[in-house]
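Engineer: Please construct the entire structure, taking both the sequences and the accompanying hints into account.
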Amino acid sequence: MVAAVVSIHGDDHGLVLPPKIAPIQVIIIPIPYKGYEEKVAEKAKEVENKLKVAEIRVKLDLREKLTPGSKFYEWELKGVPLRIEVGPKDIEQKTLTMVRRDTLERIKIDESKIVDETRKILNEIQKSLRKKAWEWFLSRVKKTDNFQEIIKLSNEKPLVIETYWCGKNECGLALEDQTNMNVLGISLESGEELKNKKCSVCGEEAQFTIRLAKTY
1347 MVAAVVSIHG
1357 DDHGLVLPPK
1367 IAPIQVIIIP
1377 IPYKGYEEKV
1387 AEKAKEVENK
1397 LKVAEIRVKL
1407 DLREKLTPGS
1417 KFYEWELKGV
1427 PLRIEVGPKD
1437 IEQKTLTMVR
1447 RDTLERIKID
1457 ESKIVDETRK
1467 ILNEIQKSLR
1477 KKAWEWFLSR
1487 VKKTDNFQEI
1497 IKLSNEKPLV
1507 IETYWCGKNE
1517 CGLALEDQTN
1527 MNVLGISLES
1537 GEELKNKKCS
1547 VCGEEAQFTI
1557 RLAKTY
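Residue numbers (the working numbering): 1347 to 1562.
Treat the hints as calculated values from the structure; they're not laboratory data. Heads up, some of the hints might be wrong.
[What the hints assert, rightly or not] In the SDA-like style, the derived pairs of lysine to any residue whose C-alpha atoms are separated by at most 20 Å in a straight line are:
1) Lys1366 to Glu1463
2) Lys1398 to Lys1489
3) Lys1488 to Asn1526
4) Lys1466 to Ile1370
5) Lys1489 to Leu1505
6) Lys1477 to Ile1367
These numbers come from a predicted model, not from an experiment.
Structural biologist: Shown next as structure tokens:
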């Protein structure tokens, strides 16, 4: 599963973890300025406690030897879904700055709405990543009932081929042998959806829809 997440959701900055599986859903990074270090740290701890009470998986990065920029880079690399920045201006304006890992969009929110906004944005990130992954998958699924076209497609970039199968063992083996691909599984399509569909190998009435892909 980890390999699938990395290959589908990763970008040039590193991992992009869906909130539901992320060990840390929110990272809080203080932005200290000289003379404001203590106030900023206190506010960051306050935000952390509110999110913990709301059962959101959160971590506060108080390491003093690293700059905020270094911390941004590290946590983006690790794929934490949401970053919250706390600085003197945020304290003064009673706001917080959020940064989505999936889009790197910066969002200013009212400090009093921290829990609701965090839940809302995490949910949006989860939905967005799911939609993106589904669109990515569909873009790589090619559907055909032509055996010669299946052989041709099998030599192209990594993709999934969806075709029809009569259920006979020899036809299934022919598909695998001629394409150097493996049958991933059988679709749950009913008989009505397979009406008038023919096996891509022998031309007989299809009993199943199957998907083929190269496995490594």
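Engineer: Compare the structure with each hint and give your call.
Structural biologist: Hints versus structure:
The hinted pair formed by Lys1366 and Glu1463 meets the criterion: a straight-line CA distance of about 16 Å does not exceed 20 Å. Among the hinted pairs, Lys1398 with Lys1489 is inconsistent with the structure: their alpha-carbon atoms are about 47 Å apart, more than 20 Å. A distance of roughly 16 Å separates the Cα atoms of Lys1488 and Asn1526; the hinted pair therefore holds under the 20 Å criterion. Of the supplied pair hints, the one linking Lys1466 and Ile1370 holds, its CA atoms being roughly 16 Å apart against a limit of 20 Å.
As the CA atoms of Lys1489 and Leu1505 are separated by approximately 11 Å, the hinted pair is consistent with the 20 Å bound. At roughly 16 Å between alpha-carbon atoms, Lys1477 and Ile1367 fall within 20 Å of each other, so this suggested pair holds.
Hint 2 from the earlier list is the only one contradicted by this structure; the remaining hints agree with it.
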